[in-house]
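J.: So you can see what is in the structure, the chains are spelled out below.
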Amino acid sequence: MANSFTRMITGRNTAVMMAMGAGTLASAFLLSDNTAAAERRRFYPPSADYPDLRKHNNCMALAMTPTIYAHLRDKATPNNWTLDQCIQTGVDNPGHPFIKTVGMVAGDEESYEVFAELFDPVIRDRHNGYDPRTMKHPTDLEASKITSGMFDERYVLSSRVRTGRSIRGLSLPPSCTRSERREVERVVVTALSGLKGDLAGRYYSLGEMTEKEQQQLIDEHFLFDKPVSPLLTAAGMARDWPDARGIWHNNDKNFLIWINEEDHTRIISMEKGGNMKRVFERFCRGLKQVEHLIQERGWEFMWNEHLGYILTCPSNLGTGLRAGVHIRLPFLSKDPRFKKIMENLRLQKRGTGGVDTAATGDTFDISNLDRLGKSEVELVQLVIDGVNYLIECEKRLERGQDIKIPSPISQFRK
Amino acid sequence: MQEDLADPACLERSCYKLTGNRSFLYSPPDFNKFLKSPEDHRNPHIPLPTNSLQLVLGDPMAFPDQDILSLQGRLAASSFRQSNEWTVNRSQWEAGGGYKTPSAGLIRSSSGSRRTGALSRPSHLRLNDSSPDVIMPFGNTHNKFKMNYSAEQEYPDLSQHNNHMAKVLTLEMYSKLRNKETPSGFTLDDVIQTGVDNPGHPFIMTVGCVAGDEETYEVFKDLLDPVIEDRHGGYKPSDTHKTDLNAENLQGGDDLDPNYVLSSRVRTGRSIRGFCLPPHSSRGERRAIEQLSIEALDSLEGDLKGKYYALKNMTEEEQQQLIDDHFLFDKPVSPLLLASGMARDWPDARGIWHNDNKTFLVWVNEEDHLRVISMQKGGNMREVFTRFCTGLTKIEDLFKNRGHEFMWNEHLGYVLTCPSNLGTGLRAGVHVKLPNLSKHEKFGEILKRLRLQKRGT
Numbered sequence: 001m002a003n004s005f006t007r008m009i010t011g012r013n014t015a016v017m018m019a020m021g022a023g024t025l026a027s028a029f030l031l032s033d034n035t036a037a038a039e040r041r042r043f044y045p046p047s048a049d050y051p052d053l054r055k056h057n058n059c060m061a062l063a064m065t066p067t068i069y070a071h072l073r074d075k076a077t078p079n080n081w082t083l084d085q086c087i088q089t090g091v092d093n094p095g096h097p098f099i100k101t102v103g104m105v106a107g108d109e110e111s112y113e114v115f116a117e118l119f120d121p122v123i124r125d126r127h128n129g130y131d132p133r134t135m136k137h138p139t140d141l142e143a144s145k146i147t148s149g150m151f152d153e154r155y156v157l158s159s160r161v162r163t164g165r166s167i168r169g170l171s172l173p174p175s176c177t178r179s180e181r182r183e184v185e186r187v188v189v190t191a192l193s194g195l196k197g198d199l200a201g202r203y204y205s206l207g208e209m210t211e212k213e214q215q216q217l218i219d220e221h222f223l224f225d226k227p228v229s230p231l232l233t234a235a236g237m238a239r240d241w242p243d244a245r246g247i248w249h250n251n252d253k254n255f256l257i258w259i260n261e262e263d264h265t266r267i268i269s270m271e272k273g274g275n276m277k278r279v280f281e282r283f284c285r286g287l288k289q290v291e292h293l294i295q296e297r298g299w300e301f302m303w304n305e306h307l308g309y310i311l312t313c314p315s316n317l318g319t320g321l322r323a324g325v326h327i328r329l330p331f332l333s334k335d336p337r338f339k340k341i342m343e344n345l346r347l348q349k350r351g352t353g354g355v356d357t358a359a360t361g362d363t364f365d366i367s368n369l370d371r372l373g374k375s376e377v378e379l380v381q382l383v384i385d386g387v388n389y390l391i392e393c394e395k396r397l398e399r400g401q402d403i404k405i406p407s408p409i410s411q412f413r414k
Numbered sequence: 001m002q003e004d005l006a007d008p009a010c011l012e013r014s015c016y017k018l019t020g021n022r023s024f025l026y027s028p029p030d031f032n033k034f035l036k037s038p039e040d041h042r043n044p045h046i047p048l049p050t051n052s053l054q055l056v057l058g059d060p061m062a063f064p065d066q067d068i069l070s071l072q073g074r075l076a077a078s079s080f081r082q083s084n085e086w087t088v089n090r091s092q093w094e095a096g097g098g099y100k101t102p103s104a105g106l107i108r109s110s111s112g113s114r115r116t117g118a119l120s121r122p123s124h125l126r127l128n129d130s131s132p133d134v135i136m137p138f139g140n141t142h143n144k145f146k147m148n149y150s151a152e153q154e155y156p157d158l159s160q161h162n163n164h165m166a167k168v169l170t171l172e173m174y175s176k177l178r179n180k181e182t183p184s185g186f187t188l189d190d191v192i193q194t195g196v197d198n199p200g201h202p203f204i205m206t207v208g209c210v211a212g213d214e215e216t217y218e219v220f221k222d223l224l225d226p227v228i229e230d231r232h233g234g235y236k237p238s239d240t241h242k243t244d245l246n247a248e249n250l251q252g253g254d255d256l257d258p259n260y261v262l263s264s265r266v267r268t269g270r271s272i273r274g275f276c277l278p279p280h281s282s283r284g285e286r287r288a289i290e291q292l293s294i295e296a297l298d299s300l301e302g303d304l305k306g307k308y309y310a311l312k313n314m315t316e317e318e319q320q321q322l323i324d325d326h327f328l329f330d331k332p333v334s335p336l337l338l339a340s341g342m343a344r345d346w347p348d349a350r351g352i353w354h355n356d357n358k359t360f361l362v363w364v365n366e367e368d369h370l371r372v373i374s375m376q377k378g379g380n381m382r383e384v385f386t387r388f389c390t391g392l393t394k395i396e397d398l399f400k401n402r403g404h405e406f407m408w409n410e411h412l413g414y415v416l417t418c419p420s421n422l423g424t425g426l427r428a429g430v431h432v433k434l435p436n437l438s439k440h441e442k443f444g445e446i447l448k449r450l451r452l453q454k455r456g457t
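Protein sequence lines, in the order shown, are assigned to chains A and B. Following UniProt numbering from start to finish, the first sequence increments by one per residue and tops out at 414. Following UniProt numbering from start to finish, the second sequence increments by one per residue and tops out at 457.
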């Protein structure tokens with residue numbers, strides 16, 4: 001057996017793989033009677049390792065029970081990702097002042113299966129009762145179905161659609177090694193160099209950028225920096241910064257891709273003004289072309305029919321889509337019914353600095369709350385209709401007329 | 001997947017398909033039987049379990065209660081004692097011939113060659129392979145897919161870096177060491193992660209690597225020996241380190257002029273053999289270390305008698321008092337420490353113990369297992385050091401009575417997380433006023449020749 005292996009595999013790595021292969025067989029044989037693993041478990045049973053979540057308020061802490069922990073603690077995905085690594089960010093960060101965080105991440109596509117016992121309740125909690133075991137997620141990237149996608153530009157300053165995509169076969173940012181991360185960069189950048197027309201562009205690697213390029217990207221609000229939020233650093237996404245991280249954008253500067261930041265890729269389509277339909281149309285076209293280009297080389301995106309597009313954070317499953325506008329609502333933002341209106345329209349407001357910022361003045365970032373259970377077209381249409389309604393309310397308040405709280409948009413049953 | 005994953009047999013089959021390995025699956029007994037009502041979780045007087053099966057299950061929500069963990073600790077200690085290979089203390093080891101250089105790589109010691117680090121674990125827990133089943137369920141980069149890529153593809157970009165690890169690491173060294181693991185699963189990438197993430201510090205040359213357990217210093221000798229040599233002024237792998245905690249041997253030291261010397265302080269660190277170090281320890285290990293430390297420290301008497309303050313249970317008054325005494329430590333914010341993983345699960349199982357006189361202080365599970373500090377106002381360094389030695393020796397004896405000892409070997413002295421703290425781990429210092437000397441142009445040179453270092457207060 002040894003001879004046939006050495007003939008099959010040549011090179012320096014043979015000895016390594018042989019030693020590992022033989023060792024794995026040996027220890028698997030030894031462990032098949034469970035003495036070693038059982039001994040270790042007896043020294044540290046799951047109760048000894050169970051995290052103290054009494055002061056915690058995130059989805060993971062609310063879903064975690066000692067039984068689940070005991071079932072899942074000793075399991076590992078094929079690349080050796082364990083439950084403790086999934087939940088580390090939730091254990092280290094009890095809560096966030098503005099939002100109820102998820103508190104766990106996936107290290108790879110298989111995490112969602114191996115640790116389903118914990119991921120499923122978290123997904124149900126975060127995505128309004130969506131049950132991955134039974135429900136299917138629709139994917140729809142036909143931008144032509146969008147109606148009335150042009151906003152009044154006296155209120156809407158800019159429009160933006162973003163999502164993420166992961167490359168199947170490579171580990172996600174919390175657990176990827178340097179070589180896997182570089183592979184992601186290579187696969188994506190090679191594919192992007194095949195884009196043509198208004199999507200043609202170039203890549204800027206974070207580590208090799210010149211000062212001038214860096215300043216340019218900062219001025220255009222394209223540059224992303226090393227994450228400082230403890231939510232992200234505790235999950236291990238900032239390791240080896242800035243190795244294999246970069247930004248690609250097209251020459252028109254309205255189609256932008258972040259590589260190896262929080263996900264393998266973050267795809268953003270944006271422009272000033274209120275033409276959301278054009279933004280979404282470019283978004284869908286770009287996504288389809290990128291997918292086609294990587295498929296030509298034998299890669300594909302992580303997707304399945306229950307969870308849609310697989311991303312690092314469970315909150316981004318499904319579409320991973322956040323479609324939003326920067327909008328000025330001086331009257332409406334002071335109205336006490338604003339919050340309820342947003343809630344019923346399934347919209348969310350953030351400060352214009354991003355997810356961890358508070359709103360300043362009367363300019364907000366308004367975007368969809370939901371990611372999973374509705375298709376991309378449905379979500380963008382929801383945002384368009386919602387923002388149009390908000391603009392309508394603003395105009396009515398300007399004229400001194402009264403506004404109405406809309407009835408809530410239907411969700412699936414919890 | 002079409003299977004119903006709520007069915008345990010189906011889950012087992014699907015996980016087997018995923019990993020090809022059944023041995024990590026185990027069916028725990030029904031935990032729910034042993035869970036009490038929410039009110040009972042706050043009750044510290046839950047009756048002790050009467051057999052080891054109940055002990056294993058315990059009451060997961062009641063872990064802060066001391067009884068169950070101490071019994072676990074005692075059971076673990078007694079099973080350690082029963083195993084022959086565990087029973088080694090320093091004098092026995094010295095009698096047996098002392099430190100032997102282990103062969104490179106991770107080999108099951110069937111030939112009987114005794115490596116001090118490897119002895120800390122019973123033989124069936126030592127591995128000759130990086131198998132996922134037996135590694136501790138925590139830690140950083142244990143991603144096995146990296147072996148699908150060449151060493152060149154995996155090698156970190158250290159072109160902007162200026163720390164000891166970056167100066168020493170080469171591609172050949174990386175290729176040789178990258179598939180190795182310590183018995184608890186600490187890899188080379190774990191060792192160097194903090195150095196890769198933090199290229200350099202403006203004022204000091206940082207070390208850039210950490211140890212996850214005692215065996216790290218053996219398994220990754222090829223990297224750590226040159227780093228130690230560089231950091232510790234040419235200390236060679238064959239050198240031996242002398243340990244002397246007899247305060248009688250000190251000459252003078254009790255008459256530093258209090259007009260200049262405001263306070264005197266001696267600190268060191270200690271690690272408990274048999275547990276992983278802070279970058280790699282699991283919650284269970286960290287709590288066991290806390291529990292052992294509390295038991296040992298509570299047995300101290302006389303002027304060393306004191307009290308433990310757990311970081312997560314502290315009251316506002318206690319916290320303010322500790323801040324006023326300058327005793328409190330907070331969650332590390334330095335990226336040097338965060339990148340190595342020692343701040344995980346903060347503030348679980350971290351705490352501060354100090355004696356009633358507030359002259360002897362122990363930090364538990366901060367940057368090392370134990371940081372022992374002796375201090376007082378004024379210039380009587382001799383008294384500070386005497387108390388330091390007495391306290392340390394007493395603590396070591398108390399640990400030994402419970403079947404544990406400190407990580408120590410003849411070559412590296414006391415083993416701590418950061419290679420810069422090996423040997424004595426000792427920092428003895430004073431706060432001193434030197435208004436005229438500090439302005440002198442030769443001040444730095446004087447300090448350098450005296451082998452002293454200055455820091456801000």
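What the hints contain is simulated information worked out from the structure, not anything from laboratory work. Just to be clear, a hint being listed does not mean it is correct.
Said to hold, decoys possible - Keeping only pairs whose Cα atoms sit at most 30 Å apart, straight-line, the calculated DSBU-like set for lysine-lysine is: (1) A/Lys272 <-> A/Lys226; (2) A/Lys145 <-> A/Lys334; (3) A/Lys212 <-> A/Lys145; (4) B/Lys236 <-> B/Lys454; (5) B/Lys400 <-> A/Lys55; (6) A/Lys136 <-> A/Lys272; (7) B/Lys331 <-> B/Lys377; (8) A/Lys395 <-> A/Lys55; (9) B/Lys242 <-> B/Lys167; (10) B/Lys394 <-> A/Lys55; (11) B/Lys377 <-> A/Lys55; (12) A/Lys404 <-> A/Lys100; (13) B/Lys331 <-> A/Lys226; (14) B/Lys377 <-> B/Lys394; (15) B/Lys144 <-> A/Lys226; (16) B/Lys400 <-> B/Lys433; (17) A/Lys145 <-> A/Lys349; (18) B/Lys221 <-> B/Lys400; (19) A/Lys145 <-> A/Lys226; (20) A/Lys272 <-> A/Lys339; (21) B/Lys331 <-> A/Lys100; (22) B/Lys307 <-> A/Lys226; (23) B/Lys394 <-> B/Lys433; (24) B/Lys312 <-> A/Lys100.
J.: None of the hints should be skipped; say for each whether it holds.
T.: Comparing the hints with the structure gives:
1. A hinted pair counts as satisfied when its Cα atoms are at most 30 Å apart, and A/Lys272 with A/Lys226 qualifies at roughly 26 Å.
2. Taking the CA atoms of A/Lys145 and A/Lys334, the gap is near 34 Å; set against the 30 Å cutoff, the hint is violated.
3. Note on A/Lys212 and A/Lys145: the hinted pairing is violated, with a Cα-Cα distance of about 41 Å set against a maximum of 30 Å.
4. For the hint linking B/Lys236 to B/Lys454, the alpha-carbon distance of about 27 Å falls within 30 Å, and the restraint holds.
5. The hinted pair formed by B/Lys400 and A/Lys55 fails the criterion: a straight-line CA distance of about 36 Å is larger than 30 Å.
6. A threshold of 30 Å between alpha carbons decides the hint, and for A/Lys136 with A/Lys272 the separation of about 35 Å lies outside it, so the pair is violated.
7. Taking the CA atoms of B/Lys331 and B/Lys377, the gap is about 27 Å. The hint holds against a cut of 30 Å.
8. Proximity of A/Lys395 to A/Lys55 is assessed by CA-CA distance (about 44 Å); at most 30 Å being required, the pair is judged violated.
9. Of the supplied pair hints, the one linking B/Lys242 and B/Lys167 holds, its CA atoms being roughly 28 Å apart against a limit of 30 Å.
10. The suggested pairing of B/Lys394 with A/Lys55 is violated, with an alpha-carbon distance near 36 Å, which exceeds 30 Å.
11. The straight-line distance between the Cα atoms of B/Lys377 and A/Lys55 is roughly 38 Å, outside the 30 Å bound, and the hint therefore fails.
12. A hinted pair counts as satisfied when its Cα atoms are at most 30 Å apart, and A/Lys404 with A/Lys100 qualifies at roughly 28 Å.
13. Between B/Lys331 and A/Lys226 the alpha-carbon distance is near 21 Å, which keeps this suggested pair within the 30 Å criterion.
14. Straight-line distance between C-alpha atoms of B/Lys377 and B/Lys394 comes to about 23 Å, which keeps the hinted pair within the 30 Å bound.
15. Our distance criterion of 30 Å between C-alpha atoms is met by B/Lys144 and A/Lys226, whose separation comes to about 26 Å.
16. Restraint check for B/Lys400 and B/Lys433: the C-alpha separation of about 41 Å exceeds 30 Å, so the hint is violated.
17. Only pairs whose Cα atoms come within 30 Å are accepted, and A/Lys145 paired with A/Lys349 is accepted, the gap being roughly 25 Å.
18. At most 30 Å may separate the alpha-carbon atoms for a hinted pair to count; B/Lys221 and B/Lys400 meet this at roughly 28 Å.
19. Our distance criterion of 30 Å between C-alpha atoms is broken by A/Lys145 and A/Lys226, whose separation comes to about 38 Å.
20. For the suggested pair A/Lys272 and A/Lys339, the alpha carbons sit about 26 Å apart, so the restraint of at most 30 Å is met.
21. At most 30 Å may separate the alpha-carbon atoms for a hinted pair to count; B/Lys331 and A/Lys100 meet this at roughly 22 Å.
22. For the given pair, B/Lys307 sits about 42 Å from A/Lys226 by alpha-carbon distance, which is inconsistent with the 30 Å threshold.
23. Only pairs whose Cα atoms come within 30 Å are accepted, and B/Lys394 paired with B/Lys433 is rejected, the gap being roughly 34 Å.
24. Taking the CA atoms of B/Lys312 and A/Lys100, the gap is about 22 Å. The hint holds against a cut of 30 Å.
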